[in-house]
Amino acid sequence: NAGVTQTPKFRVLKTGQSMTLLCAQDMNHEYMYWYRQDPGMGLRLIHYSVGEGTTAKGEVPDGYNVSRLKKQNFLLGLESAAPSQTSVYFCASRGDTGELFFGEGSRLTVL
Amino acid sequence: AQSVTQPDIHITVSEGASLELRCNYSYGATPYLFWYVQSPGQGLQLLLKYFSGDTLVQGIKGFEAEFKRSQSSFNLRKPSVHWSDAAEYFCAVGAPSNTGKLIFGQGTTLQVKP
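As given, the protein sequences belong to chains A and B, one line each in that order.
Numbering of the first sequence is given in this note's numbering, commencing with residue 1 and proceeding in unit increments.
Numbering of the second sequence is given in this note's numbering, commencing with residue 1 and proceeding in unit increments.
Rather than coming from a laboratory, the hints here were simulated on the basis of the structure.
Remember, predicted model here, so these are calculated numbers, not experimental data.
Be careful, since some hints might not be right.
[Unchecked claim] Examples of chain A residues toward chain B, derived with CB under 8 angstroms: (1) 83; (2) 94; (3) 103.
[Said to hold, decoys possible] DSBU-like cross-link-like pairs, simulated, lysine-lysine; straight-line CA separation at most 35 angstroms: (4) 70/A with 113/B; (5) 61/B with 9/A; (6) 113/B with 49/B; (7) 61/B with 71/A; (8) 9/A with 113/B; (9) 61/B with 113/B; (10) 113/B with 57/A.
Backbone N, C-alpha and C define an ideal beta-carbon position, used for all residues, glycine too.
Working from the sequences, and respecting the hints, build out all of it.
Here it is, written out as structure tokens:
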């Protein structure tokens, strides 16, 4: 049972480049989330989805887009990367009892 | 505004000593409360959660936490710390709503001295 899988795990971008982070879960969860983690700031919610075909903005959505075309996948896109988007990105899905299951993270550096 | 505060950014304890990590929250409704642990380079793992009922909850790895509504606190405790407990700990709060969003504190880094 893989749980929540994120790809890629590491990526270096130049300012202005675009990329997509993929999150896949095999637990048949409805709700999925993208957080970013920065030192001293904990985890901040970027976007989330309460089901296939739905997305909603979180606390820090600017500069990011998301899509949930399939229930098991939640994609996070950066159209024009900026150095302020250097961070560790975590995907999570919500279990039936309200807890979140996290992937191992994707470390993104924007030069 | 909804928020979670972990007042201690960094804590150092000796192996075998007791541990208490503080968490205070500001939330309009009756919250769901969680503690997660993150080892270096890893994702977050759930230690324990409180939804309702007994205000003292037991978790994995010998951790427990106590919900105190009057103090808006959910402090994490362990009677005897092991070197393997060195990690970053996050308190989180959410609501029994249909979005399931969690708000996280800033995290507390635990260092264990031999």
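Evaluated hints:
| no. | hint | result |
| --- | --- | --- |
| 1 | 83 | 22 angstroms, violated |
| 2 | 94 | 4 angstroms, holds |
| 3 | 103 | 6 angstroms, holds |
| 4 | 70/A with 113/B | 47 angstroms, violated |
| 5 | 61/B with 9/A | 27 angstroms, holds |
| 6 | 113/B with 49/B | 28 angstroms, holds |
| 7 | 61/B with 71/A | 33 angstroms, holds |
| 8 | 9/A with 113/B | 31 angstroms, holds |
| 9 | 61/B with 113/B | 18 angstroms, holds |
| 10 | 113/B with 57/A | 42 angstroms, violated |
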